[in-house]
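Student: Given next are the chains, with one letter for each unit.
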Amino acid sequence: MLLVAILSETIPSPALFEGSAMQGYRFRLFSPCTALFAVFATSILLLTSAPGHTADGDNAPPVYGFGRPATEAEVAAWDIDIRPDGSGLPPGSGSAAEGAPVYAMKCAACHGANGEGGLNDRLVVHSADEGFPDAEDPDSREHRTIGNYWPYATTLFDYIRRSMPMTLPGSLTDDEVYALTAHLLHLNHIIPADAMMDASSLPQVVMPAKDKFVVDDRQDFKEVH
Amino acid sequence: MSDKTPDEHEQKPAEKAVGVTRRAALVGMAGAAGTVLARTAKGQDVQVSGASLPDLPEDSSRVVGKLASEFGERSPFEKLERVTSFARSSSETPLQSLHGTITPAALHFERHHAGVPMIDPDKHKLIIHGMVSRPTTFTVADLKRLPAASRICFIECSGNLYHDAGEQTTAQLIAGMTSQSEWTGVMLSTLMNEVGAKPDASWLLAEGADAAKLTRSVPKQFWDEAMVVYAQNGEAVRPENGYPIRLLNPGCEGNSSVKWLRRIEFGDQPYMTREETSKYTEPVKGGVSRQFSLIMEARSIITYPSYPDTVEKGWIEVQGIAWSGRGSIASAEVSTDNGRSWQTAALQGPVLPKAHVRFRHMFNWNGKETVILSRAIDESGYVQPTREAWLAARGPGSGPYHRNPITGWRLRAGGDVVYRVEEWA
Chain A
1 MLLVAILSET
11 IPSPALFEGS
21 AMQGYRFRLF
31 SPCTALFAVF
41 ATSILLLTSA
51 PGHTADGDNA
61 PPVYGFGRPA
71 TEAEVAAWDI
81 DIRPDGSGLP
91 PGSGSAAEGA
101 PVYAMKCAAC
111 HGANGEGGLN
121 DRLVVHSADE
131 GFPDAEDPDS
141 REHRTIGNYW
151 PYATTLFDYI
161 RRSMPMTLPG
171 SLTDDEVYAL
181 TAHLLHLNHI
191 IPADAMMDAS
201 SLPQVVMPAK
211 DKFVVDDRQD
221 FKEVH
Chain B
1 MSDKTPDEHE
11 QKPAEKAVGV
21 TRRAALVGMA
31 GAAGTVLART
41 AKGQDVQVSG
51 ASLPDLPEDS
61 SRVVGKLASE
71 FGERSPFEKL
81 ERVTSFARSS
91 SETPLQSLHG
101 TITPAALHFE
111 RHHAGVPMID
121 PDKHKLIIHG
131 MVSRPTTFTV
141 ADLKRLPAAS
151 RICFIECSGN
161 LYHDAGEQTT
171 AQLIAGMTSQ
181 SEWTGVMLST
191 LMNEVGAKPD
201 ASWLLAEGAD
211 AAKLTRSVPK
221 QFWDEAMVVY
231 AQNGEAVRPE
241 NGYPIRLLNP
251 GCEGNSSVKW
261 LRRIEFGDQP
271 YMTREETSKY
281 TEPVKGGVSR
291 QFSLIMEARS
301 IITYPSYPDT
311 VEKGWIEVQG
321 IAWSGRGSIA
331 SAEVSTDNGR
341 SWQTAALQGP
351 VLPKAHVRFR
361 HMFNWNGKET
371 VILSRAIDES
381 GYVQPTREAW
391 LAARGPGSGP
401 YHRNPITGWR
411 LRAGGDVVYR
421 VEEWA
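Same order as they appear, the protein sequences are chains A and B.
Under the working numbering, think of the first position of the first sequence as 1, with each following residue one higher.
Under the working numbering, think of the first position of the second sequence as 1, with each following residue one higher.
The shape of chain B in the complex, shown without the other chains (with noise of 0.2 Å):
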C-alpha cells in the first residue's frame, strides 16, 4: 500500500488485539479465575484482562448478584476499543463491532492537534465577539440556562479513509473516524440572539481552549443549524470530544465543530487559520485547491459481514451504516456480485438528517467467492462514487480529505472475510 495517510496516520498503528469482535466474541473460558479467551481482529486467540474478571458461578440463577452501584460499567467480557494512531493523535471506532447508529461516548472517534486539555467546566468560560452589539462572556451554567435543543448526528473527520493493513483492514480502520451521538446544548441562532449579532456577519471563528486554540472560520450558511453542545448521549461531553463545550456543525467536516469551545468572534471575512488553509484543503484539477469544503459528502459501509469476521453458506444478513452531509439518506444498496448489480437495502428508521442510518439485507451466499459492496444515496440525488470515479474527477493528488469511496469486502470461498484492496495512488 502507498496510500497517502492523513496527519493522524503518519504511520501505521501498532499491530494489536483491535478487541472482541461482535461474532467472534468469546472463544473460550479456563476455570473459575476467570481466564478468558478472545479472538483478535487477527484471528488469534488472546488472554484478555484474566485477573479483573469476578469469580464465576456455574449457574448465574443459583446466586445472588452484584448490588446496585452508583456508576455502571460494561462487562468484563467486552472489550470493545478504539484503535489509536502511532502518535496517539486520533483514534478510531469500532464501526464493525457496533450495532444501531449511536456510538458509545467511550467509543467515539478522537482527533486532536495538541492533546486533550483538562478544563474546570466552573472556570470555562466562552466570549462572544466581535460583530455584536453584546459581547458576552458565558459560563457554561449560563448556557445551560438557556433555551435547549438536542439533535442526532455523525460527526466524521474529512481524513476519514485509511487502509493501510492490506486484507486484514478493518471497517474500523477505513471508515472509523465517524461516530454518531445525541447531542443536547444550545442552538447557536439563540446565542446569536441573546449577544444581537449583526445582520451583515457573514463568518464565524470558533477557537479552542486546547493548547492548538484551534480556529476555524464557519460561513453564514451553516449558522442554522449549529450549535454550542455540553452533553453527548445524555451526560456531558467527554474530555475528548470537547468537554466542557463544543461547536457542532452537522454534517460538516468534525474539525470545524471546534472543541473545547471558548470563543466565537463574528466578522465578515474568513480568517485563513492554519487549518482551513494549508490543511482541511484538497487540491482539485486545474492547478488550484478546493477551501471551505465542509460538507461531508454520502458514505456507507458495510459493517457485516467485513474483516475479521468469517461466514457460512446460506442466509446472510448484510449490514452496515450509511450517512450524508448533504442530508437524508434516501436509499443505501448492496451488491453482493461485486457491483455488476444492486438491490436496494432496507433502512432502519427513524432516518435523520446529516445522521449515520443502518442498512439491512438479506443475502442467500451460494458459498462461491465474491465481494459485497454498498453504496449510499441522499436526497440531493448524490450518488457514493467507487474509487474509480473518484481518482478520475478529483485526481490521485487530492487525497487525503473527503475520500469517500464504495468499499468492499471479499467472501472466499471458505467464509474468510477480507477487505477488498484498492490502490490509491
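For reference, chain A alone in the conformation it holds in the complex (with noise of 0.2 Å):
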C-alpha cells in the first residue's frame, strides 16, 4: 500500500507537461522500462534508505513547525529567476546601442571586445550560419555560444543579472542586463540593433536553438545510449 502510494507520486502523469516548456519534448518517462525501474528503485529505497521515524505514541504531527512563515520581502529579494515565459522578469529596458558600452567597460576583458572569447566562453557565432553543435563533430565543444546553442533568450538576463560580471555579480542595473541582453542577441544576429528588451518584448525572442532539446531516454537502455 506505501508502496502504491509512493509510487503514484513518482511517475508523473503526461498531463504535467502539457502547456510546459517541456510540452515539445519527447518524453519518455512513462515507457514499461521506465516504471519497473521506478518500482525497483522505490523498493531499494524502502528496505535500504528510507530511515523511518517514530513519534511519541505514534502519533507524529502533520507538521512540526519549526522554521517561519517566509515574509514576502525576502523572497522577492532572491526570488530573481526568469522562466522561459518571462515570468519574473522586472521592470526596465535596453537595447544594443545602450549595451555595447556597457559591454566593452564590463564585459569584453573576459569575452572578447566583440564577444569572441578570451579567459572566458565565446559569445558570439562565428556567423549566422554556424549551426547547432554535432555530436560527429569532434570540435562540437568549440561551437557552442548564445547564438547557436542557447535555447531561450530569458536565460541570457538570469544568468547575466545572477552571475556577471564575475568579479562583481549582482552590480548592474536592470536596464544595464536588458541593454546587455539586447547588445548580445545583436552580436548573433537574432535581433535588429535598435530592438528594445524589455519584459514583454524579451520572451518573444525566438533563439536558433529553441527546439534543439530532448529529454534524457537513457534510462530505457541497457547498453550505452
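If you are wondering where the hints come from, they were derived from the structure by calculation, not from laboratory data.
Because the structure is a prediction, the values reported are computed rather than measured.
A hint or two may mislead.
27 Å max Cα-Cα, derived DSS-like pairs, lysine-lysine [unchecked claim]:
#  : chain 1 : residue 1 : chain 2 : residue 2
1  : A       : Lys222    : B       : Lys285
2  : A       : Lys210    : B       : Lys285
3  : B       : Lys66     : B       : Lys144
4  : B       : Lys79     : B       : Lys66
5  : A       : Lys212    : B       : Lys279
6  : B       : Lys125    : B       : Lys198
7  : B       : Lys279    : A       : Lys222
8  : B       : Lys279    : A       : Lys210
9  : B       : Lys368    : B       : Lys313
10 : B       : Lys220    : B       : Lys313
11 : A       : Lys222    : B       : Lys198
12 : B       : Lys125    : B       : Lys144
13 : A       : Lys212    : A       : Lys222
14 : A       : Lys212    : B       : Lys285
15 : A       : Lys106    : B       : Lys279
16 : B       : Lys125    : B       : Lys220
17 : B       : Lys220    : B       : Lys144
18 : B       : Lys220    : A       : Lys212
19 : A       : Lys210    : B       : Lys220
20 : B       : Lys123    : B       : Lys144
21 : B       : Lys198    : B       : Lys220
Beta-carbon label-pair distances, calculated as ranges [as the list claims (entries may be wrong)]:
#  : chain 1 : residue 1 : chain 2 : residue 2 : range
22 : A       : Glu72     : B       : Lys285    : 46 to 54 Å
23 : A       : Ala77     : B       : Gly339    : 52 to 60 Å
24 : B       : Leu56     : A       : Pro61     : 56 to 64 Å
25 : B       : Asp200    : A       : Gly92     : 27 to 35 Å
26 : A       : Ala128    : B       : Gln348    : 52 to 60 Å
27 : A       : Leu168    : B       : Pro199    : 40 to 48 Å
28 : B       : Lys285    : A       : Leu119    : 31 to 39 Å
Take a look, some chain B residues computed to stay more than 10 Å from chain A by CB distance [to be verified]:
#  : residue
29 : Leu56
30 : Ser61
31 : Val64
32 : Glu70
33 : Asp122
34 : Gln168
35 : Glu194
36 : Lys198
37 : Asn233
38 : Ala236
39 : Thr281
40 : Glu297
Don't be surprised by glycine CBs; every beta carbon is placed ideally from N, CA and C.
Join these two chains into a complex; the hints should help.
Tutor: This is the structure we're talking about:
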C-alpha cells in the first residue's frame, strides 16, 4: 500500500507537462522499462535508505512547524529567476546600442571586444549560419555560443543578472542587464540593433536553438545510448 | 592528447607532486631533524615538509607520546592531496591512494563556479516558496530540529573524465571527480510536508548562496530520495562541499546537488537556467542535445595497481571502485588480458544503492605485458561501455559530460604500471 502510494507520486502523469516549456519534448518517462525501474528503485529505497521515524504515542504531528513564515520582502529579494515564459522579468528596458558601452567596460576583458571569447567563453557565433553543435564533430564543444546553443533569451537575462560580471555579480542595474542582453542578441544576428528588450519583448525572442533539446532517455537502455 | 576537456580543466594542471602514494610511501628518512623523502606520481623522490616533522625517537615505545588534543591531525608522514585545476575551480580526489569507500571530507572533489563562499551558519537561511501552502524560512538550527536522515552515496561531477598526462595519468586525473560520504540532513519530503508543497508541483529550482548564485531545476522523479544535508562524515559539511547546507540528489550529476543552498522554489516547469541549457547538456546524434540528463551511469576504475605503482610477478590484488546512479552495483568484472576474458570480482559489502563499492580480485601475474580492465554492471542490467562503444553511441562531439568508459592500466614486463592511453576525438 505504501509502495503504491509512493509510486503514484514518483511517476509523473503526461498531463504534467501540458502547456509547459517541456511540452514539445519527446518524453519517455512513461515507458514500461522506466516504470519497472521506478518500482525497483523505490523498493530499494524503502529497504535500505528510508530511515523511518518514530514519534511519541505513534502520533507524529502533521507538521512540526519549525521555521517561520517567509516574508514577501525576503522572498522578493532572492526570487530573481526568470522562466522562459518571461515570468520574473523586472521593469526596465535596454537596447543593443545602450548595451555596447556597458559590454566594453564590464565584459570585454573576459569575453573579447565582440564576444569572440578570451579568458572566458565565446559568446557570439562566427557567422549567422554557424549551426548547432554536432555530436559527430570532434570540435563540437567549440561551437557552443548564445547564437547557436542557448535555447531561451530569458536565460541570458537571468544569468547576466545573477552571476555577471564575474568579479562583481549583482552590480548591474536591470536596465543594464536588458541592454547587455540586447547587445549580445544583436551580435548574434538574432535581433536588430534598435530593438528594445523589456519584460514583454524578451520572451518573444525566438532563439535558433529553441527546439534543439531533448529529454534524457538513457534509462530505457541497458547499453550506452 | 586532443581531448576536449570540461570547464574545470581548461588547462592542464601544473605538474606537481601528486602526493605519497599508498604503496610507494616513504622511501627514505634523513636524520632526527625529520627530513622525509616521498615518491611523487612521476617517480621522483622529493623532500616534503621536513620542517613540520617532529623529532623522531629511535624507538617510539620508549618515549611518552603526545598528549590528548582538541582536534586531530593526520600523521605528518601522510601527504595525500587533491589535484587542483589550473583555474582552481575544481580539484580531484586521489582515488588511487584511498581505501574502502568513504572519501575523507578534506579530499572530497570540488567544483565551484565562483569560488567557495564564506558563510556564517547562524545567519544562513533557506527559503522554500513557490507552489507551497506555507512559504517558510528555515535557519540551519530549524533544519536540525526536524527528523534527520543519513545516507552513504557518491557525488560525481558529470564532467568526470579527464586525462591529459599520457601514460603518466593517475586514477585521480581520470575519475577523481567522484567522492563518497555519509551525508546527514533532512529528507526533502519532510521539508515538502512542512511547507505544504502542492501536489501539482513538478519541478523545483535550487539556488546557492555563492557568487554564481548557481541554480538548477530538478524534476519530481528525483524528489523521493533528495535531501538537504548539513553533515558530511559526521561533522559539518565542508565549505567546499556546501557549508552550511547543500541539496543532495543521490545518483545524479553533482551540479544538481546545489551547494550553499539558500532557496528552493517549487514550480510546474523547468526554469531553463544557464547551467542546464548551455552547459550541462550534451549533443547527441540527430542534431540535438540531451537535457536534464541527471543520472550518472555505471562506471568503475581499478585503483590498484594503477599509475604510478610498480608490481612484481606473482599474486596481485587488483582492486578498485564501482558505482552507478541507477541503483546498486550488481557485479564488477575484471579482465587481466585486455578484455579477452572477464572474471567476476568480489564486492566488499555493504553494497549500497548509488554508492561506491570496492571490488577485489586476485591476479596471478606471469610477468608478461598485459592490460588490466574493470567494468561495472548495475541492477538495471546496464553494462559500463568501452570507449569505442561510447563513441559509437554518442559521437566524438558529445563530450565532455557523462563519459564513463572502461579504463585500462598497462602492466609492463618490468613491473611499471601506466595508463592505457586512449584518444577521445
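Student: Broken hints, numbered, in rising order?
Tutor: 3, 10, 11, 35, 39 and 40
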